[in-house]
Amino acid sequence: MWELQGLKYLSLSSNNFSGSFHISLVHQLRNLSYLDLSYNHFSINATNNASQPSSFLDISTLKLASCQLRTIPEFLSGQHRLIFLDLSDNQIQGKIPKWIWEFQNLLYLNLSSNLLDDIETPSPNLTSTLSILDLHKNRLHGQTLPLPPFAIHMDFSSNKFALAIPPDIGTNLSFAIFFSLSNNNFQGFIPKSICNAEYLEVLDLSHNNLSGKIPGCLVMESLKVLNLRDNALDGSIFNFPKTCGLKTLDLSGNRFQGKLPESLANCRAMEVLDVGNNQIDDVFPCQLKSIASLQVLVLRSNKFHGGVGCPGTDGTWKMLQIVDISSNNFSGKVPAQCLASWEAMKANVNFNHIQYPFLRLTGLYYQDTVSVTIK
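The sequence shown begins at 8 in this note's numbering and counts up by one.
If you're looking for bench data, these hints aren't it; they were derived computationally from the structure.
Don't take every hint at face value.
[To be verified] Cut-off 25 angstroms, straight-line C-alpha distance, at most; resulting in silico cross-link-like pairs (BS3-like, lysine-lysine):
id : residue 1 : residue 2
1  : Lys15     : Lys102
2  : Lys231    : Lys199
3  : Lys231    : Lys249
4  : Lys266    : Lys310
5  : Lys167    : Lys199
6  : Lys199    : Lys266
Note that the coordinates shown come from a computational prediction; the quantities given were computed from them, not determined experimentally.
Work out the full structure: start from the sequences and follow the hints.
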């Protein structure tokens with residue numbers, strides 16, 4: 008295979024090929040512009056050898072996911088045409104090198120599911136052309152976040168970052184559609200500057216140590232998913248604008264008090280609402296009765312009280328599949344017509360996962376998860 012010097016495109020992905028070889032063998036395929044060896048049983052050695060980076064071919068797409076790599080191939084530092092780089096699901100350790108932010112044409116960078124623990128500080132005036140940056144599921148704990156100015160997808164979730172969210176972060180989210188800091192140890196307040204991200208559809212800040220109140224401007228017209236689960240946020244839940252386009256709102260596992268705002272009814276496309284494990288003191292949320300798309304309603308472990316259901320309504324929430332009102336102070340009887348109207352619970356229909364495709368050209372999506380405890 009390595010003698011096919013005229014070869015331009017080679018994809019062997021998702022097979023059962025095996026074997027060990029040094030990445031320098033790729034050098035023999037001098038005309039190669041696309042190489043995908045992902046998801047086989049290869050063991051590729053990428054440690055630096057006598058070959059200089061400049062002696063390697065200019066490749067535009069390199070996919071080496073799940074190839075047992077332990078280092079980022081050094082020859083990449085000399086590439087000039089690289090557009091797509093996927094080194095995910097390997098055992099790459101150490102730092103993300105500074106030169107990786109200096110590619111002039113790189114649009115896609117995926118280093119997720121590795122053992123990386125630090126980031127060499129990029130230039131203060133980061134000019135990276137990256138559109139997709141995926142660093143999730145590493146051990147990163149650096150003091151700065153690399154925020155490419157033109158990125159539409161940035162995933163820093165499941166790392167060990169322990170810092171405050173930069174107060175001016177909104178200026179780096181001008182084109183962002185997806186932004187996740189989930190499952191880290193970010194602290195402090197949610198900056199109001201995030202409200203400047205006018206194209207943002209998915210904002211996931213869950214499983215951190217964020218505190219204070221949620222900025223009232225956070226529900227931008229574009230936002231479809233807001234996940235703030237398991238933080239230390241407090242105060243009353245903000246009001247929702249008439250332009251609310253949320254499909255998922257997860258505020259569970261915080262310290263919110265007071266009532267659910269009547270303005271929640273403005274979120275007419277809502278599919279998932281989870282406010283469990285807070286200190287909300289209110290009656291059953293009948294203001295949501297006009298939201299026909301609701302599939303999941305979680306109110307558990309709060310201070311809700313009074314009767315369940317909305318008197319005088321018929322056919323409310325026909326899509327509803329999951330209702331959790333446990334560990335509250337509800338009383339009285341559950342109206343039979345209330346249960347009868349929840350038709351999706353009776354139908355032999357599998358809605359499967361609730362997923363929101365937001366970057367159709369790249370196949371990326373956001374998937375909701377709901378935990379159900381049976382006692």
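Hint by hint, here is what the structure shows:
1. Lys15 to Lys102: violated (31 angstroms)
2. Lys231 to Lys199: holds (18 angstroms)
3. Lys231 to Lys249: OK: Lys231 and Lys249 at ~14 angstroms, within 25 angstroms.
4. Lys266 to Lys310: holds (10 angstroms)
5. Lys167 to Lys199: holds (24 angstroms)
6. Lys199 to Lys266: Holds, because 23 angstroms separates the two Cα atoms, which is no more than 25 angstroms.
When held up to the earlier numbered hints, the structure conflicts with hint 1 and nothing else.
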